[in-house]
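*Asks:* Use the sequences and the hints to build the structure in full.
Quick mapping for you: the protein sequence lines, in order, are chains A and B. First residue of the first sequence: 1, per our numbering; consecutive thereafter. First residue of the second sequence: 1, per our numbering; consecutive thereafter.
There could be a bad hint or two in this list.
DEER-style ranges, computed between Cβ atoms [stated by the list, open to error]:
1. B:His130 with A:Arg153: 54 to 60 Å
2. A:Glu105 with B:Thr172: 19 to 25 Å
3. A:Lys467 with B:Ser80: 54 to 60 Å
4. B:Ser80 with A:Glu413: 34 to 40 Å
5. A:Val458 with B:Asn128: 39 to 45 Å
6. B:Lys317 with A:Asn393: 39 to 45 Å
None of these hints come from the bench; they were simulated from the model. The beta carbon of each residue, even a glycine, is placed where N, CA and C say it ideally should be.
Chain residues, written in single-letter form:
There are 2 protein chains.
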Amino acid sequence: MGKKNKQFVEKITAMEDDFAQWYTDVVKQAELVDYGLVRGTMIMTPYGYGIWENIKNELDKKIKETGHSNVQFPVFIPESLLQKEKDHVEGFAPEVAWVTHGGEEELAERLAFRPTSEVLFCDYYSKNIHSYRDLPKLYNQWANVVRWEKTTRPFLRSSEFHWQEGHTAHATYEDAAAETDRMLEVYADIVENYLAVPVIRGRKTESEKFAGAEYTITIESMMHDGRALQAATSHHFGSGFAEAFDITYLDKEGKSQFVHQTSWGLSTRVMGGLIMVHGDNRGLVVPPKIAPTQAMIVPIAQHKEGVLDAAADIRNKLADVIRVDMDDSDKMPGWKFNECEMKGYPVRIEIGPKDIEKNQAVLVRRDTNEKDFVSLDELVDKVPALLEEVQQNLYDQALTHREEKTTTVKSMEDVEKAIAENPGFMNGMWCGDEACEEKLKEDYQVTSRCIPFEQEAVSDTCLCCGKDAKELVIWARAY
Amino acid sequence: MGKKNKQFVEKITAMEDDFAQWYTDVVKQAELVDYGLVRGTMIMTPYGYGIWENIKNELDKKIKETGHSNVQFPVFIPESLLQKEKDHVEGFAPEVAWVTHGGEEELAERLAFRPTSEVLFCDYYSKNIHSYRDLPKLYNQWANVVRWEKTTRPFLRSSEFHWQEGHTAHATYEDAAAETDRMLEVYADIVENYLAVPVIRGRKTESEKFAGAEYTITIESMMHDGRALQAATSHHFGSGFAEAFDITYLDKEGKSQFVHQTSWGLSTRVMGGLIMVHGDNRGLVVPPKIAPTQAMIVPIAQHKEGVLDAAADIRNKLADVIRVDMDDSDKMPGWKFNECEMKGYPVRIEIGPKDIEKNQAVLVRRDTNEKDFVSLDELVDKVPALLEEVQQNLYDQALTHREEKTTTVKSMEDVEKAIAENPGFMNGMWCGDEACEEKLKEDYQVTSRCIPFEQEAVSDTCLCCGKDAKELVIWARAY
Chain A
1 MGKKNKQFVE KITAMEDDFA QWYTDVVKQA ELVDYGLVRG TMIMTPYGYG IWENIKNELD
61 KKIKETGHSN VQFPVFIPES LLQKEKDHVE GFAPEVAWVT HGGEEELAER LAFRPTSEVL
121 FCDYYSKNIH SYRDLPKLYN QWANVVRWEK TTRPFLRSSE FHWQEGHTAH ATYEDAAAET
181 DRMLEVYADI VENYLAVPVI RGRKTESEKF AGAEYTITIE SMMHDGRALQ AATSHHFGSG
241 FAEAFDITYL DKEGKSQFVH QTSWGLSTRV MGGLIMVHGD NRGLVVPPKI APTQAMIVPI
301 AQHKEGVLDA AADIRNKLAD VIRVDMDDSD KMPGWKFNEC EMKGYPVRIE IGPKDIEKNQ
361 AVLVRRDTNE KDFVSLDELV DKVPALLEEV QQNLYDQALT HREEKTTTVK SMEDVEKAIA
421 ENPGFMNGMW CGDEACEEKL KEDYQVTSRC IPFEQEAVSD TCLCCGKDAK ELVIWARAY
Chain B
1 MGKKNKQFVE KITAMEDDFA QWYTDVVKQA ELVDYGLVRG TMIMTPYGYG IWENIKNELD
61 KKIKETGHSN VQFPVFIPES LLQKEKDHVE GFAPEVAWVT HGGEEELAER LAFRPTSEVL
121 FCDYYSKNIH SYRDLPKLYN QWANVVRWEK TTRPFLRSSE FHWQEGHTAH ATYEDAAAET
181 DRMLEVYADI VENYLAVPVI RGRKTESEKF AGAEYTITIE SMMHDGRALQ AATSHHFGSG
241 FAEAFDITYL DKEGKSQFVH QTSWGLSTRV MGGLIMVHGD NRGLVVPPKI APTQAMIVPI
301 AQHKEGVLDA AADIRNKLAD VIRVDMDDSD KMPGWKFNEC EMKGYPVRIE IGPKDIEKNQ
361 AVLVRRDTNE KDFVSLDELV DKVPALLEEV QQNLYDQALT HREEKTTTVK SMEDVEKAIA
421 ENPGFMNGMW CGDEACEEKL KEDYQVTSRC IPFEQEAVSD TCLCCGKDAK ELVIWARAY
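*Replies:* Here's what the structure looks like:
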C-alpha cells in the first residue's frame, strides 16, 4: 500500500521545484480540467465545474440581492459596432476571434465572438433608455467569452473563458460610482468569505485600467509563490460609452442627459487563484463553502461486517447538513486517502471496525492534516463546526502568508532585493508618472497592481525616479 | 383610463387574424426578448430570461437527481473533428458559423462554433474511457450553440440559442436505451408538470431522426394554432459514434468493446412553446411553477391612506410562500391590470380602501379571468392553492385543445379535409416508406411528428399509398 500511495503523490511536482508545473499537475490530477483540442481552450470536468458552479451560485445570489437582473445577450458583435468606442476597440481587437462564414455563405460583415459585451449593452441601452424612469438599468449576464491569447494556461488565461459581466446605466456620475464600489464589495465578499482568499481593494493606474473606462477598481490577491492575481474588477465608464453610443435620457426637468455606466466581471480565473492560494504538495485544498464534497467518508476494512452500514449511516445523517460523499469503491484505503488529499476535500471521515466498537469516527482536516476522534452521536454537530474552522483557517493562513511576503520598498535597490529574497507584494510610493511604471516592468517584470484604498505614506519620494511621491502603490509580479 | 387600456391592448394583433404576428407581438410586448443586431439573434431581457432561468433550474435539479454531472466543453470544434462522423457532418455543416481568424492571424484550420457538441464529447471519451469501471459517463452541459438558419424567429429558430445537451456513454446498447428513455421522461415531466404543456411521446421516423443517431425519441406538443412543436429529443447513437471516434473500453473479461452513447437536449425553443400554448389575445400566460412573478399586487387608489401599507403587508406575508411583487408605480390601475395580463402573471391581487374596510383582497386569475374576494387572513393559504389550480387548469385546457384538434385520417382526402376544417394533429397509419412522408410534405407541408409509443391501428392501410400499414404516426404541420 505504501508504495501505491507514493506513486500517486509523485504524480505532482513539488511547489518548491517548479511552481508552474505544480499548478499544471494539480489542475490535471485533481481532475479540474482537461485540455481542449483548440489551443488554449479547456474542458471543465465534473469536479472543476462543480467548484465553479458553487462559486457561481453564491455570486449569482448576491448579484440578485443587490437588485440586478440576469439577461442573455448575443455572442456576436458586428465589427462596426466594436469599433464605435476608440479606446475599447484598441484594447480588444488584437485578440478577437472572427466569424467570417455562416454555412457556405461569406458574411457581408465580420462578427466578433464577444471578448466582453460593453458595446452590445450600449447599443441596447441607446435604444431602450428614454427617461429617468428607465434608470438605473442593472443587468448581468453569465457568458462565455473568447480572447485569442498567445500563451494560455487553464483557468488563468484561456482562449475561451466563463464569467459574469454586469453592465449598468445610471442617471448620475455619483450613482455609477456607488454601483462600481458596491459590486467590488460583492466580489470581495465572495473571494474573502467563500474562496477564503484575502484581497486588497484599490484603484488601477491609468495604464492598467480597462480599455474605455474612466477608472477601474480591483481586488488583488497573492498566490503561494508571491505573485499577484487580479481576482475581479469593477469599471466606471463615466459617460464615455454613452457619448460614443448616444445613450441619453430625459431628466425630471425634461433635459437630455448622457447616462453614466459601469461594468464588472468575475471569471473562471478565480479558480486558478484558489488553487494557487490554498494548494500544497499533496494537491488541491478547496474551501468548505464552495467544495462540491465537503467531507468524504472512507470506510476502513470495508469487507468486514457492519463497516459499510456504519459508513452509510454516517453519510445519511450528514447529508442533511453538509455535502458529503462516501468512497466504497474497491480501492485500498491508502489510495482513497491520497485521492481525498489530491482533490482537496476539506474533511475526511474514516470509520473502521475498531471505531465502530468505540462508537467513534476519525475526522482528518485537509488543511492541517490534524486527526480527531469524534463520537458518532456528535458528528452532525462536529463536522459542520470543523468545516467552519477549516474555512477560517484557510483564510488566516493566506493572510499570514501575504503579510509575510509583503515588503516595503523605497528604492529600485529595495525592489531588487525584495524580488531576490522575499518575492511578493511591495508597498512603494509612486510619483504618478507612467514612465516609472514602465521602468519597473522592464527591469523587474513588476507591475502596479493597484493604488490601495487604504493609503499610507511609506516614504516621501517615488521609489523609481525619486521625485515627490503621489500615492502608495502595491507592486508585484502578476499572473 | 378606458382609452389608455385600449391602446395598450391594441399593441398585439389578434391570434385569429395573424397568429405569427400575434406571436411576435407577445414576445416583444411582454418584454421577453428584443432582437439582436446580428440576423436571427435575440436578447433575452430580464422577464424572458427569468422564465428560462426557472425552467433551467428545475431541469438542472432533475438532471442531477438522475445521476448526471455538469461539465463545460469548449465552444469551438476544429473542422477536421466535425467531419469524423459522416451523417452528423452532413446534417450540420450547412448551418455552421466558422471562425477563420484569431486576432490578426488566419487560423490554420477553421473552427466551427458548436452547432451541438457530440464530436467534442466523443473525442474526450475516446481519450478518457478505458475500462468498464469508467462507465457510465453521464455528462451534461448548459451552453450556447449556433446554427446559421435562413429564416429565424425569437425562441423558435434563432441563429444562437441556449440549451442543455446531455452526452452519455454506456457499456451496453440496453444501458444506453434505458438512458435515452429516462431522459425523455425527465423532459416530459418538466414540460407537462412545469410548463403545463401536454406532450405525446414517440419515436422519430428515419427521415426525421438526429443526424448520426440510431434512433431519436421525442416529445411533441400542440400549439394554439394546431401546429406541432418538438419540445425535446433524446437520441440513441448505438455504437456509431464510438466506431467513428474509436471509443472503446475493456469489459470485465478484458475484451475491448465499443461504448454505446446517447445525447439529449432541451432548448430555449420551449419558451416559444409555452407562449403559443397558453397565450391569448390579452398576452402571455405563464404557468405558476415557472413564473418569475406568481402574483402581482396592484393597489387601488394608492394615494389614499393605508392602501400602500396594506399592499406591502400582503406582499411581505406572501413573500414567504410564493414569488410575489407589488406595482406601486404612478401608473393608473387599469394600465397596471393590462400589464399584468400582457406579462401573464398567474394571479393579480387587487386591494383598495373598500377592500381594506372589509378585510379582503380581490384575486384575479389570469387563465380564466375569474375574480374572487378573499379574507386577508386567508391569503397565505388561498393564493398558493389558487396557483396550483391555475397550473392544473392550464394543462387541462391545453390537453382539451389538443384533443379537439386531433383528427383520425385514413386517406389523403382526410388529410386535406382536416387541414381545411380543423388543422392540428392527424392520427394516420403509415406503410413505413419515406416516399409517403415526402408526398405528405410536398402536398400539404405536413410532416411525421412521431410514431407514438401508444400505438393503435386506426386503419389497415397507409393513408398515402394504400399499402399495408405498419404503424400509427402523428402527422402535423410543425414549427
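*Asks:* Flag every earlier hint the structure violates by its number, smallest first.
*Replies:* Result: hints 1, 2, 4 and 5 break, sorted rising.
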